[in-house]
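J.: Sequence:
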Amino acid sequence: MLNIKSAESCQYDIISMGEIMLRLDPGDGRVRTTRQFQAWEGGGEYNVARGLRRCFGKRAGVLTAFVDNEVGRLLEDLVLQGGVDTQFIKWADFDGLGVASRNGLNFTERGFGLRAAKGTSDRGHTAASQLTVDDFDFEHIFGTLGVRWFHTGGIFAALSEGNAQLSIEACKIAKKHGTIVSYDLNYRPSLWKSIGGQAKAQEVNREIAKYVDVMIGNEEDFTACLGFEVEGVDESNITGLELDSFKKMITKAVEEFPNFKATATTLREVHTASDNDWAALCWHDGEFYPSVNREHCEIFDRVGGGDSFASGLIYGFMEFNDPAQAVEYGAAHGALAMTTPGDTTMVTKEEVAKLVGGGSARVDR
Numbered sequence: 001m002l003n004i005k006s007a008e009s010c011q012y013d014i015i016s017m018g019e020i021m022l023r024l025d026p027g028d029g030r031v032r033t034t035r036q037f038q039a040w041e042g043g044g045e046y047n048v049a050r051g052l053r054r055c056f057g058k059r060a061g062v063l064t065a066f067v068d069n070e071v072g073r074l075l076e077d078l079v080l081q082g083g084v085d086t087q088f089i090k091w092a093d094f095d096g097l098g099v100a101s102r103n104g105l106n107f108t109e110r111g112f113g114l115r116a117a118k119g120t121s122d123r124g125h126t127a128a129s130q131l132t133v134d135d136f137d138f139e140h141i142f143g144t145l146g147v148r149w150f151h152t153g154g155i156f157a158a159l160s161e162g163n164a165q166l167s168i169e170a171c172k173i174a175k176k177h178g179t180i181v182s183y184d185l186n187y188r189p190s191l192w193k194s195i196g197g198q199a200k201a202q203e204v205n206r207e208i209a210k211y212v213d214v215m216i217g218n219e220e221d222f223t224a225c226l227g228f229e230v231e232g233v234d235e236s237n238i239t240g241l242e243l244d245s246f247k248k249m250i251t252k253a254v255e256e257f258p259n260f261k262a263t264a265t266t267l268r269e270v271h272t273a274s275d276n277d278w279a280a281l282c283w284h285d286g287e288f289y290p291s292v293n294r295e296h297c298e299i300f301d302r303v304g305g306g307d308s309f310a311s312g313l314i315y316g317f318m319e320f321n322d323p324a325q326a327v328e329y330g331a332a333h334g335a336l337a338m339t340t341p342g343d344t345t346m347v348t349k350e351e352v353a354k355l356v357g358g359g360s361a362r363v364d365r
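The sequence shown: position 195 = 195 (the UniProt record's numbering), numbered continuously.
These are calculated hints, taken from the structure and not from any lab test.
Keep in mind that a hint or two might mislead.
Each computed PhoX-like pair below joins lysine-lysine, with the alpha-carbon atoms no more than 25 Å apart [stated by the list, open to error]:
no.	residue 1	residue 2
1	5	247
2	200	172
3	200	210
4	200	252
5	118	193
6	5	172
7	210	248
8	175	200
9	90	172
10	349	248
11	210	252
12	252	172
13	210	247
14	5	252
15	175	5
16	210	176
17	172	118
18	193	210
19	175	252
20	210	175
21	5	176
Here are the in silico distance ranges between beta carbons for each label pair [what the hints assert, rightly or not]:
no.	residue 1	residue 2	range
22	119	322	31 to 39 Å
23	247	86	37 to 45 Å
24	114	245	28 to 36 Å
25	322	247	13 to 21 Å
26	324	270	25 to 33 Å
27	77	189	30 to 38 Å
28	124	322	39 to 47 Å
29	30	190	19 to 27 Å
The beta carbon of each residue, even a glycine, is placed where N, CA and C say it ideally should be.
With the hints as extra help, turn the sequences into a complete structure.
T.: Dropping the structure here:
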């Protein structure tokens, strides 16, 4: 069991730290040919906090930064609609051009059939990438206000040297105050390239790993970010959950980082962009817990499915402190979130519980 602080002792159930971008979605079309976009907010770390607030009713906050202009205020409005506390958002002055600092954009199309989903980020020199250890009073947040669970990840840590150091400091102080720390390795080589590549990714992530209770990531993440390699790993084929080699990798990781109380990964076999097999695996206290393997899930928008898995996993641990329940809630929430547009969840706790319990897609009246 995880030693999770009581709700009564903390002002927040969950705080996430990461960049939130404005997602511009061409709907059923292509970015390169569209004449209109729908606007959503999204960010790997933020999506987890929003899922816990919007789907599961937990008290959530976010640590991030926006430029104080109309785009930044739109992002703030979207965060407010998600019910996430905005008191810790840092606001950078707008210079009129966006040279000194700007808000990140993410042009993302959903994909369909044989055409894969495709994302094009425009996030250079953003306000969030310029955050440093001086921007947040972590002793106040984790020590005075109290936070049950802190979540961040490798996307945010990769944006700049300052973000990398900020991530280490946040995890260290959260751990000091007994907050459960989860981290999604989420390796993106294009992001790490500008601050030192894979070598820097391993340096930063191995330092962060010392303070992590729940580590989330797939085979590539554990290999690229933490340097663990086991021959024969093939998570592209999940039929029957044939994951012996991946399990060996997790075993090696927890031997080196005994502070890991749990690790988790999503498992996906892609038949087409809109037809995936979907499952998950959680390790806790020496045992592996696989979720139900849902074959041929119909995917409407896959972006954010992994983040919704993470929020469901965290909810399962918070609510039941049971890894078997946690991985099922994570897998079910991720599967349902991919049936709706946008990065963030549009499903309810009751819908997740129904799917966990074996419910079908028959109409509810």
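J.: Could you run down the list of hints and mark each one as holding or not?
T.: Against the structure, the hints come out as follows:
For a cut-off of 25 Å, the pair hint linking residue 5 to residue 247 is broken: about 29 Å separates their Cα positions. In summary, the hint linking residue 200 to residue 172 is supported, as the alpha carbons are separated by about 19 Å, within the 25 Å threshold. A hinted pair counts as satisfied when its Cα atoms are at most 25 Å apart, and residue 200 with residue 210 qualifies at roughly 16 Å. Between residue 200 and residue 252 the alpha-carbon distance is near 21 Å, which keeps this suggested pair within the 25 Å criterion.
Taken as a hint, the residue 118 and residue 193 pair is honoured in the structure, with Cα atoms around 20 Å apart against an allowance of 25 Å. At roughly 17 Å between alpha-carbon atoms, residue 5 and residue 172 fall within 25 Å of each other, so this suggested pair holds. Taking the CA atoms of residue 210 and residue 248, the gap is near 20 Å; set against the 25 Å cutoff, the hint holds. Annotation: proposed proximity of residue 175 to residue 200 holds, straight-line Cα distance about 23 Å (limit 25 Å).
Taking the CA atoms of residue 90 and residue 172, the gap is near 21 Å; set against the 25 Å cutoff, the hint holds. At roughly 34 Å between alpha-carbon atoms, residue 349 and residue 248 are farther apart than 25 Å, so this suggested pair is violated. Between the alpha carbons of residue 210 and residue 252 the distance comes to roughly 15 Å, so the proposed pair stays at or under 25 Å and holds. Under the criterion of a C-alpha separation no larger than 25 Å, the hint pairing residue 252 with residue 172 is consistent with the structure, at around 23 Å.
Taking the CA atoms of residue 210 and residue 247, the gap is near 20 Å; set against the 25 Å cutoff, the hint holds. Under the criterion of a C-alpha separation no larger than 25 Å, the hint pairing residue 5 with residue 252 is inconsistent with the structure, at around 29 Å. At most 25 Å may separate the alpha-carbon atoms for a hinted pair to count; residue 175 and residue 5 meet this at roughly 12 Å. For the suggested pair residue 210 and residue 176, the alpha carbons sit about 12 Å apart, so the restraint of at most 25 Å is met.
For the hint linking residue 172 to residue 118, the alpha-carbon distance of about 35 Å lies beyond 25 Å, and the restraint is violated. Using a Cα cut-off of 25 Å, the hinted pair residue 193 and residue 210 holds, with the two alpha carbons roughly 23 Å apart. For a cut-off of 25 Å, the pair hint linking residue 175 to residue 252 stands: about 22 Å separates their Cα positions. Taking the CA atoms of residue 210 and residue 175, the gap is about 10 Å. The hint holds against a cut of 25 Å.
With a C-alpha separation of about 13 Å, the suggested pairing of residue 5 with residue 176 holds against the 25 Å cut-off. Judged by the Cβ atoms, the range 31 to 39 Å given for residue 119 and residue 322 holds: they are separated by roughly 35 Å. Taken as a hint, the range 37 to 45 Å holds for the pair residue 247 and residue 86, whose Cβ atoms sit roughly 41 Å apart. Look at residue 114 against residue 245: about 29 Å separates their beta carbons, and that is inside 28 to 36 Å.
Under the hint 13 to 21 Å, the C-beta atoms of residue 322 and residue 247, about 20 Å apart, fit the expected range. Here the CB-CB span from residue 324 to residue 270 is close to 26 Å, well matched to the stated 25 to 33 Å. Take residue 77 and residue 189: their Cβ atoms lie about 33 Å apart, and the range 30 to 38 Å holds. As the Cβ distance of residue 124 to residue 322 is approximately 43 Å, the hint placing it in 39 to 47 Å holds.
Separation of residue 30 from residue 190 is about 21 Å and conforms to the stated range, judged on CB atoms against 19 to 27 Å.
In summary, the structure is inconsistent with hints 1, 10, 14, 17 from the numbered list given earlier, while agreeing with the others.
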